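Visitor: Chains as they are written, first to last, in the working numbering: chain R, 1 to 458; chain U, 459 to 916.
In short, the hints are calculated from the structure, not lab data. It should be emphasised that the depicted structure is a prediction, and the values quoted were computed from it without experimental measurement. From the three backbone atoms N, C-alpha and C, an ideal C-beta is built for every residue, glycine too. Where hints are given, some of them may not hold.
[To be verified] Not everything, but these chain U residues come out facing chain R in the computed CB check (under 7 Å):
id : residue
1  : 562
2  : 647
3  : 659
4  : 674
5  : 680
6  : 688
7  : 737
8  : 738
9  : 745
10 : 753
11 : 774
12 : 822
13 : 858
There are 2 protein chains.
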Amino acid sequence: MSSAAISFCRQHNVRFLDELKNFLRIPSISTLPEHAADCRKAADFIATELRRIGMENVRLIETTGHPLVYADWLHATGKHTALIYGHYDVQPTDPIDEWISPPFEPTERNGNIYARGAVDDKGQVWAQIKSLEALFATGGGLPVNVRCIFEGEEEVGGEGIADYVASKPPELKADFALVSDTELFAPNLPTLCVGLRGMIYTELEVRGAKTDLHSGVYGGAAPNPFFSLAQILAKLKDENGHILIPGFYDGIIPPSPEELKAWASLPFDEEQYRLHEVGSTQLVGEAGYSVLERTWARPTLDVHGMPGGFIGAGAKTVIPAKAMAKVSMRLVPGMTPQKTYELYANYVRKIAPAGVEVETRLIHQGDACLVTVNNPYIQAATHALFEVWGKETVFIRSGGSIPIVGDFDKHLGLPSVMMGFGLPDDNIHAPNEKFHLKNFQLGIESLVRFFEEVANIK
Amino acid sequence: MSSAAISFCRQHNVRFLDELKNFLRIPSISTLPEHAADCRKAADFIATELRRIGMENVRLIETTGHPLVYADWLHATGKHTALIYGHYDVQPTDPIDEWISPPFEPTERNGNIYARGAVDDKGQVWAQIKSLEALFATGGGLPVNVRCIFEGEEEVGGEGIADYVASKPPELKADFALVSDTELFAPNLPTLCVGLRGMIYTELEVRGAKTDLHSGVYGGAAPNPFFSLAQILAKLKDENGHILIPGFYDGIIPPSPEELKAWASLPFDEEQYRLHEVGSTQLVGEAGYSVLERTWARPTLDVHGMPGGFIGAGAKTVIPAKAMAKVSMRLVPGMTPQKTYELYANYVRKIAPAGVEVETRLIHQGDACLVTVNNPYIQAATHALFEVWGKETVFIRSGGSIPIVGDFDKHLGLPSVMMGFGLPDDNIHAPNEKFHLKNFQLGIESLVRFFEEVANIK
Numbered sequence: 001m002s003s004a005a006i007s008f009c010r011q012h013n014v015r016f017l018d019e020l021k022n023f024l025r026i027p028s029i030s031t032l033p034e035h036a037a038d039c040r041k042a043a044d045f046i047a048t049e050l051r052r053i054g055m056e057n058v059r060l061i062e063t064t065g066h067p068l069v070y071a072d073w074l075h076a077t078g079k080h081t082a083l084i085y086g087h088y089d090v091q092p093t094d095p096i097d098e099w100i101s102p103p104f105e106p107t108e109r110n111g112n113i114y115a116r117g118a119v120d121d122k123g124q125v126w127a128q129i130k131s132l133e134a135l136f137a138t139g140g141g142l143p144v145n146v147r148c149i150f151e152g153e154e155e156v157g158g159e160g161i162a163d164y165v166a167s168k169p170p171e172l173k174a175d176f177a178l179v180s181d182t183e184l185f186a187p188n189l190p191t192l193c194v195g196l197r198g199m200i201y202t203e204l205e206v207r208g209a210k211t212d213l214h215s216g217v218y219g220g221a222a223p224n225p226f227f228s229l230a231q232i233l234a235k236l237k238d239e240n241g242h243i244l245i246p247g248f249y250d251g252i253i254p255p256s257p258e259e260l261k262a263w264a265s266l267p268f269d270e271e272q273y274r275l276h277e278v279g280s281t282q283l284v285g286e287a288g289y290s291v292l293e294r295t296w297a298r299p300t301l302d303v304h305g306m307p308g309g310f311i312g313a314g315a316k317t318v319i320p321a322k323a324m325a326k327v328s329m330r331l332v333p334g335m336t337p338q339k340t341y342e343l344y345a346n347y348v349r350k351i352a353p354a355g356v357e358v359e360t361r362l363i364h365q366g367d368a369c370l371v372t373v374n375n376p377y378i379q380a381a382t383h384a385l386f387e388v389w390g391k392e393t394v395f396i397r398s399g400g401s402i403p404i405v406g407d408f409d410k411h412l413g414l415p416s417v418m419m420g421f422g423l424p425d426d427n428i429h430a431p432n433e434k435f436h437l438k439n440f441q442l443g444i445e446s447l448v449r450f451f452e453e454v455a456n457i458k
Numbered sequence: 459m460s461s462a463a464i465s466f467c468r469q470h471n472v473r474f475l476d477e478l479k480n481f482l483r484i485p486s487i488s489t490l491p492e493h494a495a496d497c498r499k500a501a502d503f504i505a506t507e508l509r510r511i512g513m514e515n516v517r518l519i520e521t522t523g524h525p526l527v528y529a530d531w532l533h534a535t536g537k538h539t540a541l542i543y544g545h546y547d548v549q550p551t552d553p554i555d556e557w558i559s560p561p562f563e564p565t566e567r568n569g570n571i572y573a574r575g576a577v578d579d580k581g582q583v584w585a586q587i588k589s590l591e592a593l594f595a596t597g598g599g600l601p602v603n604v605r606c607i608f609e610g611e612e613e614v615g616g617e618g619i620a621d622y623v624a625s626k627p628p629e630l631k632a633d634f635a636l637v638s639d640t641e642l643f644a645p646n647l648p649t650l651c652v653g654l655r656g657m658i659y660t661e662l663e664v665r666g667a668k669t670d671l672h673s674g675v676y677g678g679a680a681p682n683p684f685f686s687l688a689q690i691l692a693k694l695k696d697e698n699g700h701i702l703i704p705g706f707y708d709g710i711i712p713p714s715p716e717e718l719k720a721w722a723s724l725p726f727d728e729e730q731y732r733l734h735e736v737g738s739t740q741l742v743g744e745a746g747y748s749v750l751e752r753t754w755a756r757p758t759l760d761v762h763g764m765p766g767g768f769i770g771a772g773a774k775t776v777i778p779a780k781a782m783a784k785v786s787m788r789l790v791p792g793m794t795p796q797k798t799y800e801l802y803a804n805y806v807r808k809i810a811p812a813g814v815e816v817e818t819r820l821i822h823q824g825d826a827c828l829v830t831v832n833n834p835y836i837q838a839a840t841h842a843l844f845e846v847w848g849k850e851t852v853f854i855r856s857g858g859s860i861p862i863v864g865d866f867d868k869h870l871g872l873p874s875v876m877m878g879f880g881l882p883d884d885n886i887h888a889p890n891e892k893f894h895l896k897n898f899q900l901g902i903e904s905l906v907r908f909f910e911e912v913a914n915i916k
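Throw the hints in and build the complete structure from the sequences for me.
Guide: Written out as structure tokens, the structure reads:
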């Protein structure tokens with residue numbers, strides 16, 4: 001592995017990191033309306049850099065939410081065309097007081113860069129852009145045709161890009177997509193993700209009295225929406241993690257015996273995982289399935305927060321008029337968001353306790369997806385990863401959802417190469433999110449070699 | 459009824475209301491640390507007025523929280539001594555966007571004054587003080603001996619005054635207490651409250667993973683604290699409102715047949731109550747008990763809020779490391795806060811789901827209490843109320859808790875006269891709290907007559 005582009009990456013790694021820090025300082029939290037201007041600033045930041053390194057037709061594409069960033073370079077005659085995808089938006093930072101260094105002041109510690117978005121996904125987007133810069137700077141152009149599409153709503157469901165992709169615009173004509181928003185299965189173990197869970201994210205609202213009431217005066221007569229929510233939630237999943245919504249599991253396509261065998265040989269220690277990644281007294285979930293099956297190939301149901309009522313310090317003796325639960329479900333192949341939502345909504349209506357009205361709302365959805373491993377882009381990726389990391393690639397799934405991968409398939413017919421460089425303990429969506437600096441560096445080099453390998457595909 | 463003091467009240471009613479508005483403009487929310495200075499301001503406001511009208515030894519008494527306000531006038535030789543109690547602190551204002559006029563901009567509408575604290579309890583404290591002013595202004599002194607003790611922590615458990623009362627200070631030596639923090643059973647129906655429920659207010663915290671986790675990556679393996687809370691809460695009370703904590707109901711003293719008979723003859727229409735006070739599709743609670751029994755003489759369990767996780771707009775796919783439920787129970791005679799809390803805490807520990815740790819905390823407590831109706835102060839009150847309202851007094855209980863009433867009894871041996879002038883639809887602890895202006899006026903007159911009646915007690 002002696003390409004000039006790889007040497008360029010190593011010479012400029014300090015600058016690359018400094019630039020990433022500037023990118024990370026922009027608090028582009030897509031779900032909070034007060035950060036809308038920051039999201040646009042992050043989009044502009046990428047667009048400016050894409051122009052500087054040599055990409056063409058760079059522009060922001062407006063959506064109903066935060067803008068997309070488009071760029072292309074299409075002068076590699078006869079070569080395949082990659083559609084590079086990543087997202088510049090980040091998760092909120094709460095609980096803010098658990099961050100060791102402030103989320104938008106990128107800080108190096110222990111060989112990592114800590115910041116909100118460090119690995120999800122700004123660091124990986126920056127690795128993609130820097131791989132292109134290295135190829136431009138040392139090759140006078142790119143070895144393959146490249147289109148870039150970066151979005152700013154991945155953390156809130158990606159409605160803007162979903163609409164754009166569904167419109168099948170000529171700007172997205174390509175042979176495959178490169179998606180860098182995933183992680184290595186273990187440190188130093190090159191990994192490609194070939195399966196994702198889908199999801200539905202819902203709000204479940206329960207309304208009782210017409211106004212907040214005093215719990216002394218009305219306790220014993222007025223319905224309590226939080227208590228009703230607790231009753232409903234407790235009927236959605238039993239104590240063994242089995243989801244009780246009738247029909248929920250119907251039609252699920254299980255992993256193949258070969259895939260299950262490969263998973264069983266992965267370096268995974270359940271006790272280490274419990275202790276160091278989760279940190280709970282024990283793991284939970286459906287009996288009869290391994291942790292990897294439960295998190296990659298089985299549907300789940302989680303509660304993310306329960307807004308309403310009194311949440312301040314101290315005591316307020318209120319029976320709130322309404323309460324809400326934010327409930328999401330992860331879906332696996334064979335399930336669809338719409339059908340799952342309907343089963344859920346019907347069941348919730350059916351089990352609603354007396355005295356309250358319930359309303360469900362579907363806020364976001366995404367299909368589950370699987371990628372075949374024997375396509376030439378996956379093969380090119382495994383070659384590139386072997387050169388950079390010195391090991392054979394493992395194929396895994398992710399329990400998370402990247403709805404865009406399903407959209408690229410459904411609307412554009414593009415297979416996705418999900419090549420990402422996070423680590424399992426990177427604290428994505430949590431305080432102290434980080435990106436391992438070695439992975440940032442080798443990630444850039446892996447992407448450089450990947451594009452060089454794609455140039456060899458006939 | 460032709461006392462000079464009554465005439466004085468009628469001449470000065472506009473000024474009395476203007477003064478109350480100034481009192482209501484002070485946002486003395488005791489539970490929010492950022493309003494500590496406002497609480498002190500409210501205490502100073504009262505102290506200044508007490509001095510102005512002629513009370514003596516007026517001073518603030520420091521506590522571990524917000525200060526008490528003390529005053530006395532003890533020159534009615536041979537007469538009984540009243541201990542006047544009220545509180546100057548108020549509840550928080552959330553949900554703020556449901557207020558028609560801002561909570562700290564007192565506004566007159568439809569014969570009411572709307573503001574946080576209008577009736578609970580600033581308006582009633584002001585009625586007490588104005589009754590004393592009228593007696594001072596027209597009698598050259600008071601017809602009875604009076605001590606005043608006003609607190610600023612009633613809405614957060616009243617720890618400061620509880621400690622002070624428990625210390626049996628000479629300043630609180632009296633023959634009875636007058637507590638004005640209750641309401642009429644119905645408009646124009648003079649009412650004395652002779653029973654209160656006690657309470658315990660707890661926090662139930664559930665901890666799962668060591669940090670917030672991504673629900674895609676970890677969903678199916680990591681415990682979800684909100685879901686665990688839902689499971690626990692659903693096991694605390696069944697669908698018929700029966701509380702499932704073992705031993706919870708043991709030792710309860712039911713109301714006498716006479717008391718139940720009197721309640722049955724009160725003007726109470728359950729359907730009107732459901733429609734106009736609660737506004738839910740139906741009422742809830744224990745089968746086999748009337749609404750008045752359920753809210754006055756049966757214990758209850760309510761959830762006030764569930765802090766933790768993500769409560770913003772939109773979607774955040776987090777499995778929170780911890781979640782909390784604010785859970786309170788109302789107690790009736792025969793139950794004690796300490797025993798009830800122990801039963802609850804033990805049961806919660808026992809039913810805690812696998813994978814999570816639970817912790818319960820007792821934040822506030824108060825004893826239930828009953829007052830005998832055949833004491834001379836209650837008799838004096840019924841005489842006064844008959845003169846002002848033209849009707850016989852009804853004796854009711856309140857489902858709410860006024861822990862100080864139990865403390866006055868336990869530590870000082872004082873019976874309490876709970877004479878208050880709120881109305882059932884005054885929205886206490888809720889948006890659009892109000893005080894009916896007629897009740898403010900007749901409340902002052904009732905208190906004037908009450909003190910005049912007490913002067914006749916041998």
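Visitor: The structure should be examined with respect to each hint, and the outcome stated for every one.
Guide: Results of checking the hints against the structure:
At a threshold of 7 Å, the smallest CB-CB gap from residue 562/U to chain R is about 17 Å, leaving the interface hint violated. Against a cut-off of 7 Å between C-beta atoms, the interface hint on residue 647/U is violated, since the closest Cβ of chain R lies about 16 Å away. Because the beta carbon of residue 659/U sits about 4 Å from the nearest beta carbon in chain R, less than 7 Å, this interface hint is met. Interface restraint check for residue 674/U: the shortest CB-CB distance to chain R comes to about 3 Å, inside 7 Å, so the restraint holds.
Interface hint status for residue 680/U: upheld, as the beta-carbon distance to the closest one in chain R is roughly 5 Å, under 7 Å. The interface hint given for residue 688/U holds, since its Cβ lies 4 Å from the closest Cβ of chain R, which is under the 7 Å cut-off. Because the beta carbon of residue 737/U sits about 3 Å from the nearest beta carbon in chain R, less than 7 Å, this interface hint is met. The criterion of a C-beta within 7 Å of any C-beta in chain R is met by residue 738/U, whose closest approach is roughly 5 Å, and the hint holds.
The beta carbon of residue 745/U is not positioned within 7 Å of any beta carbon in chain R (closest approach about 11 Å), and the interface hint is therefore violated. For residue 753/U, the shortest C-beta to C-beta distance to chain R is roughly 5 Å, which falls under 7 Å, so the interface hint holds. Using the Cβ-Cβ criterion of 7 Å, the hint placing residue 774/U at the interface with chain R is satisfied: the shortest such distance is roughly 6 Å. A hinted interface residue such as residue 822/U counts as satisfied when its beta carbon comes closer than 7 Å to some beta carbon of chain R; here the least separation is about 5 Å, so the hint holds.
Here the hint on residue 858/U is kept, as its CB sits about 3 Å from the closest CB of chain R, short of 7 Å.
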